[in-house]
Every structure is written in C-alpha cells, then in structure tokens.
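> The primary structure of each chain is shown beneath.
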Amino acid sequence: MTTVTLTPAPPTGLGATASQSLAMAWRGLVKVSRTPEQYADVLIQPIMFTLMFGYLFGGAVAGSVKDYLPQLIPGILVMTLITASTVTGVQLREDMDKGVFDRFRSLPIARVAPLAGGLLADGVRYVIATVLTMVMGVIMGWRPDAMGAVVSGLLVIVCAWAMSWIFAFFGVSARSASAVQGVSFLVLFPLTFLSNSFVPVTTLPGWLQGFVKVNPMSHVVTAVRDLTGGGAGGADVGWALLGAAVVIAVFAPLAVRGYTRKV
Amino acid sequence: MNAPAIEARGLVKDFGDNRAVDGVDLDVATGAIYGVLGPNGAGKTTTIKMLATLLSPDTGSARVFGHDVVREAHTVRSLIGLTGQYASVDDDLSARENLVLFGRLLGLGIRGAKAKADALLEEFALTDAATRPLKKFSGGMRRRLDLAASLIAQPPLIFLDEPTTGLDPRTRLQMWDTIRRLVAEGSTVLLTTQYLDEADQLADRIAVIDRGRVVAEGTADDLKRSVGTQSLHLTVASHGFGHDEPSGPVDRTRTAIRELTGQEAVLTPMSGGARLTVPLDSASAVSDLLVRLRTAGVEVRELSMSEPTLDEVFLALTGHGAEEPDERILEEVHA
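Protein chains in written order, with numbering that gives the first Met the number 0: chain A, 0 to 262; chain B, 0 to 334.
Hints were generated in silico from the structure; no laboratory data involved. Take these hints with a grain of salt, some might be off.
[As the list claims (entries may be wrong)] Lysine-lysine pairs mimicking DSS-like chemistry, simulated, CA-CA at most 27 Å apart:
1. K30/A - K97/A
2. K30/A - K113/B
3. K135/B - K97/A
4. K212/A - K30/A
[Unchecked claim] Which chain B residues stay away from chain A? Per the calculated CB distances, all over 10 Å, these:
5. R131
6. G138
7. S270
[What the hints assert, rightly or not] Every beta carbon over 12 Å from chain A, so not counted as near; a handful from chain B, in silico:
8. R76
9. R180
10. R253
Remember, predicted model here, so these are calculated numbers, not experimental data. All C-beta atoms in this analysis are idealised placements derived from N, C-alpha and C, irrespective of residue type, glycine included.
Take these sequences, add in the hints, and give me the full structure.
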C-alpha cells in the first residue's frame with residue numbers, strides 16, 4: 000500500500016487571510032503598472048470636474064469661484080471617489096472572466112482574499128483622486144485647514160473603499176462588465192447629484208430636501224466641509240464612518256458569497 | 000492514510016436543461032495516472048471542476064484522499080493542483096510574477112515564494128523567459144508555466160485538463176515525460192484527453208466518458224479487448240488494375256475473406272494495390288486465408304496482425320448512432 004503524506008491544510012486565520020489579500024493587492028498593483036491607462040478616470044476626472052463646476056456654478060451659487068470652492072471641493076471629492084469605486088466592480092467582473100480566477104478558486108486560500116486584494120489595490124486610485132482634487136482646489140484658490148484636509152481625505156477614502164464593496168457585489172453578481180457599469184451608474188447618479196454636493200440644500204423643493212438630508216453622501220460632504228474649514232467634523236464624521244461600517248458588514252459577505260458561487 | 004486518491008459516486012451536474020455530467024463514478028488509486036477519455040462536450044471538464052471544488056455536484060459525492068469535496072473543500076484544495084484549459088495563469092503578469100504570486104498565496108513568504116519560483120522556472124526550462132510578457136509565450140511554454148504553477152505546493156493529486164491539446168508533437172512528448180516524472184516522484188495524476196494515444200501511452204487506467212456518463216472503464220488493454228480480439232491488415236498488389244476491378248486481385252481477396260470469416264473487409268486504396276482490414280477471432284484463420292489467396296493467384300505484399308487501436312475502441316463505444324453503449328462491452332469491462 001502506498002502511504003500518502005498529507006500536508007496539513009494551510010492556516011485560515013486572520014493573519015493568513017491578510018497576507019493572502021496583500022499578495023492579491025500586489026498582483027493588482029503590478030497589473031496597473033503594466034496598464035497605467037486604467038488610471039485615466041482618476042487622473043482626468045478630478046481636474047476636469049473641479050475646473051468645470053468651479054467656473055460654471057461659482058458665480059451663480061456663491062457669488063465668486065473662490066467663495067464656491069470650500070463648498071464645491073468636498074462635493075467633487077466625494078463624487079470623484081465614489082465614481083472611482085464603481086470601476087472596482089467593472090474591473091473585478093472583467094478579471095473574474097479570466098481563467099486565472101479558476102485557479103484562485105482552486106487554491107486553499109481565504110475566499111475573501113481575491114476580492115479584498117483587488118479592493119486594496121484600488122486604494123491607490125482613491126489616493127490619487129483625493130490628492131489631485133485637493134491640489135486642483137488649492138491652485139484655484141481654495142485654502143483648507145491642512146490637518147482637516149488630511150483627515151477628510153482619509154475619511155473619504157475609507158467611505159469610497161466601503162462603497163466599492165457594493166460595486167464588487169454587483170461585479171460578482173452581474174453577467175458582464177457592461178451590466179455592472181449600467182447598474183452602478185443607476186445607483187451613482189442619484190446618490191451624488193441629489194445631495195448637498197453642488198448646491199445649497201435650502202434652494203431645493205421640500206420633498207427633495209428630505210431625500211438629500213438622509214442621503215449618506217450628504218453626511219460625508221458635510222463632514223469634509225467642516226473638517227477642511229477647520230472644524231472638528233462633528234456628528235457627520237461619525238455618521239459617515241458608521242455608514243461605511245454598515246456597508247462593509249452587509250456587502251462584503253454578499254460579495255464573497257456571490258464570488259464563491261460563481262460558476 | 001490509505002484512502003484512494005479519488006472516490007466519486009454518482010456525480011451529476013445540470014446546466015439548465017443540459018445534463019453535463021450524468022452519474023459518474025470514478026476510483027483512482029494513489030500513485031497512478033488515470034485517464035479520462037472523451038470527445039468535446041462529454042463532461043470531462045465539468046467532472047474535474049467538481050472534483051477540484053470549483054463546482055458543487057447537484058447529486059452524488061466525491062472524496063479526495065478521503066476528504067469530501069463539498070464539506071471539506073478547503074482541505075481538498077490543499078491536496079490538489081489544477082492545470083487545464085481554464086485554470087490558467089495571469090496574462091498581465093510575467094512567468095516569475097505568476098509563480099511568486101501563487102507561492103505567496105500558498106503561504107511561502109516573499110523570500111520562499113521567490114526561491115520556489117526560480118526553482119520551478121529552472122525545472123521547466125523557463126528561466127530565460129521569466130520576465131517576458133506572457134503574450135509572447137508559445138503554447139508549450141504556457142502549458143509548462145501552467146503546470147509549474149500547480150506544483151508549487153507539491154500537491155499529492157494533480158488534475159491535468161487536456162494538457163497537450165494544441166501542442167506540436169515534440170512539445171507533446173516533452174509534456175508526457177514531465178507527467179511521467181511527476182508520477183515517478185509519487186504524485187497521482189488525473190488527466191483528461193481527447194487523444195487516444197495519449198491515454199494509451201500514459202494512463203494506467205482509463206475511463207471512457209460520453210454524454211456525461213462513463214461508458215467503459217479499465218486498463219487500455221481491457222478496453223481494446225472489449226471490442227474484439229485482433230485485426231488482420233493485408234496489402235494486396237493489383238498490377239495496374241483498379242482496386243474495384245471486378246474479379247481483380249482485390250475483389251478476389253474480399254471474396255475469400257467474406258467466405259472464410261463471414262465479415263466484410265474495410266478497404267483502403269493505395270498506389271499499386273489496396274489495404275484490407277478485417278477483425279479476426281483467431282490467428283490460425285490467417286493460414287487458411289493465405290492458402291486460399293495463393294490458390295486464387297493473389298500476390299500478398301504485406302501482412303500484419305494487430306490489437307485494435309483505442310481509436311476503434313472509442314468509435315465502438317461513443318460513435319454516432321450508438322444511443323446506448325453496447326451492453327456486452329460494459330459488462331465485460333466492469334467484470
């Protein structure tokens with residue numbers, strides 16, 4: 000009789016999951032270094048939208064471009080990052096259609112690692128978009144509180160990362176990358192535009208004000224405005240973080256389940 | 000631990016209305032090369048995907064070294080390596096980056112993963128191409144990298160899904176050598192193939208699978224014996240006459256064969272004659288036939304006896320028109 004030496008199953012604890020996720024994140028970064036054009040959206044959008052919205056609405060909304068910027072930049076920042084987080088879902092869908100994902104599935108690794116790794120690598124996108132948006136604002140005359148800018152940048156990145164789990168869930172559930180794109184934009188547009196991002200809430204009809212006030216995006220925008228204006232952020236920072244935690248708690252398991260079941 | 004490498008019972012998988020796998024049983028002993036032979040769409044890949052935990056069976060169960068592929072999927076994954084048409088490598092990464100990635104995922108640590116990657120690149124003669132883009136890899140290089148990637152954890156069971164499909168003959172022979180070496184080092188290999196000679200050359204046991212069902216199982220010799228004993232190949236000269244010339248040498252040979260064995264010979268025209276093939280129950284019938292042919296004045300150029308090829312087995316078992324496999328063959332092979 001032949002004796003089979005059985006290798007013990009690799010550890011599945013948090014440490015192993017983290018190192019597997021980091022390995023997958025490394026893969027994501029190597030891929031991007033080969034195809035830097037994938038970063039086009041986070042390179043162009045912050046510059047274009049800040050310029051466009053600033054000069055277009057500045058005079059009308061706040062009297063001058065410079066006075067509009069403290070209101071606008073947080074709005075653009077949140078919108079750009081949430082938009083960037085939808086790309087995660089689209090790219091995940093494209094990635095999963097490749098043969099290599101079958102190998103990932105056949106490896107004794109945590110099921111969440113391929114998803115978490117991709118999402119971690121996307122953190123680089125959010126950092127680029129955040130820095131570019133803020134730098135554009137400063138060039139146009141925005142003078143935020145330095146500490147507040149750093150803290151609010153981190154807050155927005157955390158929120159965008161949380162949101163990317165929603166789009167990752169769409170990514171693993173949808174049939175094709177273009178379907179992910181379609182669904183993502185249906186979610187994205189009402190969330191970003193029907194908020195306090197670009198116009199003062201008081202100018203909106205009453206029924207719309209109701210939605211804008213409960214829109215989590217408004218809380219994030221308010222928190223960023225407060226922080227960059229030198230304030231302490233207050234309750235809105237708490238709401239934003241709580242919202243991010245809830246989104247991850249709900250959508251991360253859903254995304255992993257969808258990923259595991261995908262044929 | 001003496002559990003068989005694979006023990007599958009009644010595996011069934013439906014995709015919508017299409018039953019891809021329809022009650023497959025497999026028993027693969029440790030240390031063997033087991034061949035799963037079948038045409039495209041027979042259910043080979045779906046079966047492997049279930050055994051490799053990529054798909055869960057609708058009904059039935061399978062164990063790998065005694066571990067259930069559904070309930071103990073994580074343990075099973077640590078015992079298998081998967082290479083095939085689908086379990087591939089990442090096109091956007093170099094060969095070395097791919098191997099380092101899989102090494103890190105398997106817990107080797109950065110330094111360990113790099114050392115393992117370099118060792119495997121060396122072993123599979125890919126060192127020179129280690130940093131070249133994968134898009135510039137030949138089919139053979141890609142297969143070698145695929146295989147190397149599934150050997151990082153030195154798994155005791157390796158699934159190879161059509162490992163040589165699309166390879167040129169020389170690369171194919173190299174791949175065969177590699178597979179033999181894996182088994183010599185103690186691995187168990189389950190390979191699927193559409194190529195009969197590949198199963199014949201490599202596999203200790205073969206399951207012939209068609210329309211999601213195992214229609215025959217056994218050693219290559221068992222399978223060949225199941226279709227008949229031996230075939231006689233006869234090359235007859237026809238001296239410028241067409242091979243279909245009435246009462247020419249070829250025609251006289253066919254008549255002699257028909258009268259002696261009651262069977263119709265299969266005729267292959269050749270320059271200056273024809274080749275005739277007919278199954279024979281016993282070799283002694285050959286001498287009777289040769290006497291008749293000499294009497295009839297037929298010049299026999301070449302004569303040989305051979306066991307049926309797996310091609311003939313394959314056609315007999317899975318050929319068109321055969322809605323159900325021949326019961327006689329099934330009984331003989333399973334006996």
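> Each hint needs a verdict: does it hold in this structure or not?
Structure-based check of all given hints:
no. : hint           : verdict
1   : K30/A - K97/A  : 14 Å, holds
2   : K30/A - K113/B : 18 Å, holds
3   : K135/B - K97/A : 18 Å, holds
4   : K212/A - K30/A : 40 Å, violated
5   : R131           : 13 Å, holds
6   : G138           : 14 Å, holds
7   : S270           : 47 Å, holds
8   : R76            : 4 Å, violated
9   : R180           : 17 Å, holds
10  : R253           : 52 Å, holds
Of the numbered hints listed earlier, those contradicted by the structure are 4, 8.
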